[in-house]
Amino acid sequence: MSDAMTGLNRLDGGLIDRSAELNFRFDGKSLEGYGGDTLASALLANGVRLMGRSFKYHRPRGVLSAGAEEPNAIVALREGAFTEPNTRATTAELFDGLVARSQNRWPSLAFDAMAVNDIMSDFLTAGFYYKTFMWPAKFWEKIYEPIIRHAAGLGALSGMSDPDCYDKGFLHCDVLIIGAGPAGLAAALTAGRSGARVIIADEDFLPGGRLNAETIAVGDAAGAEWAAQVAAELASIPNVRLMTRTTVIGAFDHGIYGAVERVTDHLATAPDGTARQVLWRIYSKRSILCAGSIERPIAFANNDRPGIMQAGALRAYANRWAVAAASEVAVFTNNDDGHRTASDLAAKGVKVTAIIDTRADAPDHGDAEVLAGACVTDSRGRLGLSKIKVRSADGSQRWIKCGALGVSGGWNPNVHLTCHQRGRPVWNEAIAAFVPGAVGPVGLSSAGAASGMFSTAAALTGGAVAAVNALGEIGIKAKAMAMPEAEDAPVSITAFWHVTGKGRAWLDQQNDVTVKDVKLAHQENFQSVEHLKRYTTLGMATDQGKTSNIAGLAVMAEIAGKTIPEVGTTIYRPPYTPTAIGAFGGRSRDETFRPVRLTPSHKWASEQGAVFVEVGMWMRAQWFPQAGETEWRQSVDREVLATRRSVGVCDVTTLGKIDVQGADAATFLNRIYCNGFAKLPVGKTRYGLMLREDGIVMDDGTTARLGETQFVMTTTTANAVGVFRHMEFARQCLWPDLDVQIISTTEAWAQFAVAGPNSRKVLEKIVDPAFDISNDAFPFMACGEITVCGGLRARLFRISFSGELAYEIAVPTRYGDALIRRLMEAGEEFDITPYGMEALGVMRIEKGHAAGNELNGTTTALNLGLGRMVSKTKDSIGSILSEREGLTRDDALIQVGFKPVDPNDPVVAGSHLMNIDDPANAAHDQGYITSAAYSPCLESSIGIGFLENGATRKGEIIRAMNPVEGSEIMVEVVSAHFVDPEGERLRA
Amino acid sequence: MHDLVPLTPLGGDSAQSETIRNVTISEMPDFAYASMAMRLGRKTGFQRAAKKATGISPPPPGESAAIKVGKGMLTIFWTGADQWMVEAPYASHFDLAAQLGSTVKDNASVTEQNDGWARFDLTGDDCVSVLERLSAADSAGMQAGAVTRTTIEHLGCFLLCRKAATHFSVICPRSGAASMYHALLTMAQSAL
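Chains as they are written, first to last, in this note's numbering: chain D, 1 to 988; chain X, 989 to 1180.
For the record, the hints were derived by calculation from the structure and aren't laboratory data.
Wrong hints could be hidden among the right ones.
What the simulated footprint calls covered on chain D by chain X, stretch by stretch (three residues with Cβ under 8 Å from a Cβ of chain X suffice, anywhere in the stretch; the number is not a length) [claimed, not checked]: (1) 157 to 168; (2) 278 to 287; (3) 812 to 822.
Dumping the calculated BS3-like pairs for lysine-lysine here, alpha-carbon to alpha-carbon at most 25 Å [unchecked claim]: (4) D/K874 x D/K679; (5) D/K168 x D/K285; (6) X/K1093 x D/K684; (7) X/K1093 x D/K679; (8) D/K502 x D/K387; (9) X/K1059 x X/K1031.
We put the beta carbon where it would ideally sit given N, CA and C, even for glycine.
Chain X on its own, in the form it takes in the complex:
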């Protein structure tokens, strides 16, 4: 086992979190990601293989689906035409891409995305007040499980609604994590 010490997207040894009035903004580094893109003409095989690999069917556009794995959750969300992202607890799924790849085989192209992204969660009653100043996405209208691609702080992001109005995840490019965290805190300070 190697002894290299990882850094969080914000460059720390542990995750950062800050509460501004009734919204808490948290860095969530403990998730693994892998993208699955369906191979040409493999719709049936892919659906079957993806379900076998994850326990759930890849959801339609604008949606996510989740299932309990161990003590955490595995979530699949739609990211583009015939393309999905799988998110799972890092501790048990650091090799998520390999795990998925071994099951879906040539039904999908699987790419490791563990460290391509940084996840920030917003929790609390006034999440929408913060998000509406950051993103054109209709966060107020999102139901639990809804997901959309949007721009926040000039960065292409995924916005997932974990629980309507009170729990959202912003998944942004990892290199922009510091700017994103700053933008989230700035807007919370302004809006709340």
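Extracted from the complex, chain D is given alone in its bound form:
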């Protein structure tokens, strides 16, 4: 055994595994601990009391607690990208190879130059910054704040991408038990034996709660043994899930709780692919809060010196981790529980030099001297406690030597989760603490110390009864088991919050808030608890005031002459303990941030070297570069020209397809679309325009009538889901009397646009001979169910987005890959060219077809030049409101085309239009350009957009201004139909 191991502070006994020696490093120094240690217990065992520097004043700080409430011993764990700052040493489970570093100090923890702040403390009180760094105003952001932020703070992130992975998960139970102390274990056992589905979660790696920290017996067994036995039984019950290392961080609506399970934080390296943490969403029918309580300190001058700890924490380190914080200790208490610390430490052979009890009627305590009616007024010791100054009941003062001081100001039930939905805790005078109020999250009850019942017997019985009651409410019968006997001491406490006197008495050690700061807040009229919190920062940051809030309120109450409940509490919010952002993100990051949707031709397109673009979640081919093409425009121009010259093919599967059936399907579509659909013949397709209720255009597309009662609607890719939702709403809520059924079939059919003058010739090679697709038999806007390639079911639509003679052919998706290969073979003799999104975009701009840029949520049918499509002879969604005065003005924006006067000028989408002689400002705005492209057919840049009174301004020259990039060009207003304005090609 090394020197360190035999060191100063390790005692006999405890719940540690002495056979597992663990090496770790703290600030570069090699140390050793045991299995079952936390970083804090191992540091204490090695005689390390100084663990951090305070937030603002850089005062030396040691560990205060033995749990999640720790405000001081905040360290950074691990190295490089794995660095996890702001970890509480009290909850960090020791493992072999752990590397920990202290934070917020420079150059070292023992000598921190920033401690000069402490000397300057008179200048750095609450509100100092806001009052002082006022002038000049612009200095705040650039100079003052960065300096202040550098000097104050906690740990720093690595700045690198988090290499760990995180999962999210979902669990369901009849009853969720939060905390596995005596109350939680009793509740879980009761509920588990009844057959109910139980989840019991505890943030510790060892179930048992305070039973592991105390010498209390439960029945015939030591408390920790009883806890281990119950935990073993719970683990064996199939309907019980015992989750250790799991913190329930928030209570949400409808019995839903958030919990973080630390899966691999206690391991040196996580197994490959294993999530470091899991953020669980737990759906519970009932829940029981058995989260125990937190001991609160008493504030006195210099009460933040390393070695001054919660009395219960001193006891926990001795009993559970076999660590004495020092060889000589004293206790400062206002209640009987402090005496328990003295007894336990004495039993472990630690010298208790004095018990300073604020109560005049303090009980005697065997060997240790009890100073009744006394208080601690000061402390001494460089970087750690060496003695305390005590004022006796008679007013005399003396120094008492001790290396550690256990302070007990009473215990605060952990009411946080009961407050997450604005529940207010209730003051209980008998224990001088807040307990859960009557109004909290629905279905949540509390038991044990969390409910203010502090004895072990009360916790056991309370837990069992709470389980029976909770299950009874959901119709599950459970028997209240007889619980083993345990101590049942009453609470004996006289509230005592802070020692008056000179010197700074610390309330919130994490945020460096003193009694004086609270007084200052009151003096400056920040008296509401919410103002107090913001003004002083009391209760902020990673511990959220777990050890400080109530004392802060008590001081404010005292100054204001109010009771503590009159002062009230601030709102507790989730998460209960700091939670890694990664846990909220889960696996949704980087390339798996969202799933991708692949088109049926994806494999083939990849083989062709296609460049893909994300469109929604779809990956679509953007263009297909060929050898020798060095920039995208070359590929796109080639694809456009080839298509217009001969034939091109494009995967258009992503367009939404909605199957609309029913006896009233035609009526339904007639109401959904603003133009008429009731009389669309079977075997025909029609372009449809869909308005929102407010008359603005929602979407457009073609709808084909495959049968008397069956239609297939096409939507834009982007609006596929939105349109379906809109139609489902209309079907279910607006017109439930219509016989119409809709379902999406977007994915079921692989659909390809085959466009260009030779498209029919290509298709004729694959369409089975039984189907005549000549212009006479299958004219523009025809549709039909056909077979291809010798019998494969297919759908053929004669529609065109490019403006060419064009078809869209659909086959079952599994054959999409085979079909594109077959089309390419069939089209070889016509130089068939696959084209991507860019060429598709260029051709639709050349044709003046509106797309997402034009259907931008502000435009009407009138704006799009489609005003006459809104039928006046029938009612349809949006038709009435599209006639609003403001939408039908004479000078309304109308979609037109733009051509630069100088063909070398690029038209930029987003440019605003100004008359030549007008000033260029918003007041004279004439409209804007929505889409622009280089047209290889016109050998010029072109654009389409909206221009005031555009229909009458063809031939006019105006300015297209791009103030963002500082450019301005002259454009001629032209028809938006640059190519084949008469539509002769598509009817050919």
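We have chain D already, so just place chain X on it with the hints.
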């Protein structure tokens, strides 16, 4: 007969499958699907016609029903108000929608869904450990035949319990099959 070669949802010529510890995750491409939505006011006629067409009655919400057809099974599961999905072996039912449509006639709107979906099966003792990290559905509480609509990997899916705790089907949009398979494997690797 045409000679076009189909691809599986994962883009292969044959189904993929991987076993991670005691859970096997398999692509199941050999099933045909068709949706049946009851026509307005045709409850009686639809129930009768659907049973005639499939041999079983459409089940109530949250449930599925199955019957042997040839060497495989035909399953009907509830997908929404008055709406069901029928699943059957592809080889014998590639024209499932047409088969159903010819029997149910105007009692229901039948839509071909063969290639709208991708089915992945999870089999093995720890299926629930994988599914609980993917879906809010209570997979641990599902009995054989239970079915629910849920979100997995941001994709709307159907989750069918074929056998309690040890056999589930995730039926997801076909275009998202690769992402779904990746998510299933990733979670199995993490949870098991």
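*Is the hinted pair X/K1059 and X/K1031 satisfied, with a Cα-Cα distance of at most 25 Å?*
Roughly 31 Å separates the two Cα atoms, so the pair is violated.
*Are the Cα atoms of D/K502 and D/K387 separated by 25 Å or less?*
Holds. D/K502 to D/K387 sits at ~17 Å (cutoff 25 Å).
*asked:* Run the distance test for X/K1093 versus D/K684: straight-line Cα separation, threshold 25 Å.
replied: This hinted pair holds, its Cα atoms lying about 23 Å apart.
*Does the structure keep X/K1093 and D/K679 at a Cα separation of 25 Å or less?*
Cα-Cα ~23 Å, so holds.
*Check whether three or more residues of the segment 157 to 168 of chain D sit with their beta carbon closer than 8 Å to a beta carbon of chain X.*
Coverage by chain X holds for the segment 157 to 168 of chain D (3 residues, Cβ < 8 Å).
*Given the hint that D/K168 pairs with D/K285, test it: the Cα-Cα distance must not exceed 25 Å.*
holds (20 Å)
*Quickly compare the C-alpha distance for D/K874 and D/K679 to 25 Å and report which way the hint goes.*
holds (12 Å)
*With a C-beta cutoff of 8 Å, work out whether three or more residues of the segment 278 to 287 of chain D approach chain X closely enough for the coverage to hold.*
holds (count 3)
*Are there at least three residues in the segment 812 to 822 of chain D whose beta carbon sits under 8 Å from a beta carbon of chain X?*
holds (count 9)
The structure fails to meet hint 9 from the earlier list, while all remaining hints are met.
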